[in-house]
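Line by line, the protein sequences give chains W and V.
For the first sequence, our numbering puts the final residue at 477, and the numbers step up evenly by one.
For the second sequence, our numbering puts the final residue at 469, and the numbers step up evenly by one.
One or more hints might be untrue.
Claimed, not checked - Here are the computed distance ranges between Cβ atoms for each label pair: (1) Thr220/V to Ala384/W: 46 to 54 Å; (2) Arg327/W to Ile287/V: 25 to 33 Å; (3) Ser220/W to Glu369/V: 23 to 31 Å; (4) Asn354/W to Val386/V: 21 to 29 Å; (5) Tyr385/V to Glu347/W: 29 to 37 Å; (6) Arg282/W to Gly462/V: 51 to 59 Å; (7) Leu229/V to Ser242/W: 35 to 43 Å; (8) Arg282/W to Glu369/V: 31 to 39 Å; (9) Arg231/W to Pro399/V: 55 to 63 Å; (10) Gly283/W to Ile402/V: 33 to 41 Å.
Said to hold, decoys possible - Computed footprint of chain V on chain W; a stretch qualifies when at least three of its residues, placed anywhere within it, have a C-beta under 8 Å from a C-beta of chain V: (11) 279–287; (12) 309–318; (13) 322–332.
Because the hints were derived from the structure by calculation, they are not lab data.
Where a beta carbon is used, it is the ideal one built from N, C-alpha and C, also for glycine.
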Amino acid sequence: MSLTTIAVEHLSKTFGHSPVLQDVGFEIRAGERVALVGPSGSGKSTLLRHLVGLTKANRHSDSRVTVMDRCIQRRGRLARGSRAQRCRTGYIFQQFNLVGRLSVMTNVLIGRLGCMPRWRALIGRFTPEEHEMALRSLKRVGLEELAHQRANTLSGGQMQRVAIARVLMQDADIILADEPIASLDPRSAREVMDTLQRINEEDGRTIVVSLHQVDYARDYCQRAIALKHGQVYFDGPIDQLTDIRLAYLYANAELDKPHESRFPASAPTALRVAG
Amino acid sequence: MSTATPSSRHWRKPPFITNPLLRWGILIGCVVYAVWALYTLPFDWARIQEGMSRAQRIFSGAFPPSFERSELLIEGLLESFKIAILATLLGLALSVPIAFMAARNIAAKPIYLLGRGLIITARSFHPVIVAILFVKAVGFGPIAGVLTLTIYSIGFVAKMLAERIEEIDWGQVEALRSSGTRYVAVLQFAVLPQIMPRQIGLAMYQLDSNLRASAVVGIVGAGGIGATLMNAFGRYDYAFALAITLVIIAVILVVEAISGRIRRNIW
Ligand SMILES: Nc1ncnc2c1ncn2[C@@H]1O[C@H](COP(=O)(O)OP(=O)(O)OP(=O)(O)O)[C@@H](O)[C@H]1O
Ligand SMILES: [Mg+2]
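Okay, chain W solo, but in the shape it has when bound (with noise of 0.2 Å):
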């Protein structure tokens, strides 16, 4: 297995008339923890939706993006076997997503559903063995005690933590999280960004986060990904995303203009720095 874990070529959506992702291409080497960083509307979301095919590229474009060395969409199509092969990857959002009605431990265990034989899964019988790693799941990310709660009743940061637990249950190589504390309060901020830190660190896992307080990107990741109107605006250690560079990459940001940046020679390629 090559060093690369997530490939991403030529990427270009359009939604409607309005281009959301311009030619953007990166690579990721497994276990690097990259914060994903950029104005709102720049197109995070939606390029973290490409790589588990959860939004396809345009049709007709040279777009390819690839998973622990897997096709999981190529010119718009989403690849066959992309659905199992979705279940190496862990997705976690900004609205938790948990299923209200099931308990926490319900909650885990259906990550584990992607990879689980078809008739297990649709009867939802879980064996023995898969309770016991949600519990190790849960106790990983410090909720043991609430297993049998409902989800609905959980605080914000518990909540996230849960889906952390989610993704831990699916056994993942890579974590895939999109705003993952844009609606939490500080402490539980901490406590996320701080499991997923430690997951990566124990684990190995690879960690793809987008980020809108820079000051978290700075504090547990070793290298940013900026995007500004769909484009790739920096690539590269984040201690190199100086203040300056962030300055021009938050400029402009509300005017949402892709073509009339007042910028226009932040050219993607001139920023990338080597890693």
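Once you have looked at the hints, place chain V with the ligands on chain W.
The following block gives chain V with the ligands in isolation, referenced to the frame of chain W:
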């Protein structure tokens, strides 16, 4: 055009139709039509007068209600219960898959159209008309009642459930999809838990609605307490008919109270 002149300080409700010509035209048109309809329909005043005295005879004959033949009454009532419960179960069993078919967000376009078509068909006829058709098809008796009310249940439950499915929190579905979960398991773990409370509420509502309707469709020959009532009328046994009517009202009140309470606790 405003009716209020600048000098009048009070605001007046603007008329529903602003054009006065149109307003009066519509009003006069309605009155003329009603008079004409009354005039052309074959009302036979002599017979209505005759009927009045007959109605009086019926009512005086009905008092006091007679519970002498209560075993017949109970038998009819139990049959109505059986019809209503069977039809509710059968209707629910068919409604759930049809509702999934008829939800735009989870069904492919052709399947969605098929599901909507089934629901519209089930809703387009009043249960009494459906009952008449089934009585013709499978003969007098409770089977016609069960089939009728099953269709009646599908029309309501599948429609409401499909609408609920269209309102689900899509994020929960995407969470499972992103982890590679297969379609049916996604329905099972992300969609069903979200619609379950509504489904139970609908089931309770439909049960008491079916019980009410089973009395009506019985009158056209589809079994149950309605048939008993019709027979009582046929034998001019008005006292028994009144007893049946009173019992139907009492039973429906009780069932409605119970199902209402259950629904409130779930909702
Ligand atoms: N399904 C969709 N249909 C149409 N437009 C969409 C869709 N999803 C995203 N967009 C548009 O794509 C653009 C990028 O959205 P995206 O959610 O990827 O931004 P983001 O960088 O995640 O922003 P934020 O930081 O606010 O979450 C936005 O302008 C948005 O309106
Ligand atoms: Mg986003």
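Going down the list of hints, with the structure as the test:
For the pair Thr220/V and Ala384/W, the beta carbons lie near 51 Å from each other, so the given range of 46 to 54 Å is met. For Arg327/W and Ile287/V, the Cβ-Cβ distance of about 30 Å falls inside the hinted range of 25 to 33 Å, so the restraint holds. Checked against the hint of 23 to 31 Å, the C-beta distance between Ser220/W and Glu369/V comes to roughly 27 Å, which is consistent with it. A C-beta distance of roughly 24 Å is found between Asn354/W and Val386/V, which places it inside the suggested range of 21 to 29 Å.
Between Tyr385/V and Glu347/W, the C-beta spacing of about 34 Å keeps the proposed range 29 to 37 Å intact. For Arg282/W paired with Gly462/V, a C-beta distance near 52 Å keeps the hint of 51 to 59 Å intact. The hinted range of 35 to 43 Å is not satisfied by Leu229/V and Ser242/W, whose Cβ atoms lie roughly 57 Å apart. Here the CB-CB span from Arg282/W to Glu369/V is close to 33 Å, well matched to the stated 31 to 39 Å.
Between Arg231/W and Pro399/V the C-beta distance comes to about 47 Å, which lies outside the given range of 55 to 63 Å. As the Cβ distance of Gly283/W to Ile402/V is approximately 39 Å, the hint placing it in 33 to 41 Å holds. Coverage of the stretch 279–287 of chain W by chain V holds in this model, with 3 residues showing a Cβ closer than 8 Å to a Cβ of that chain against a need of three. Given as covered by chain V, the stretch 309–318 of chain W passes the check, having 5 residues with a CB less than 8 Å from a CB of that chain where 3 are the minimum.
With 3 residues bearing a CB less than 8 Å from a CB of chain V, the stretch 322–332 of chain W meets the requirement of three and the coverage assertion stands.
Of the numbered hints listed earlier, those contradicted by the structure are 7 and 9.
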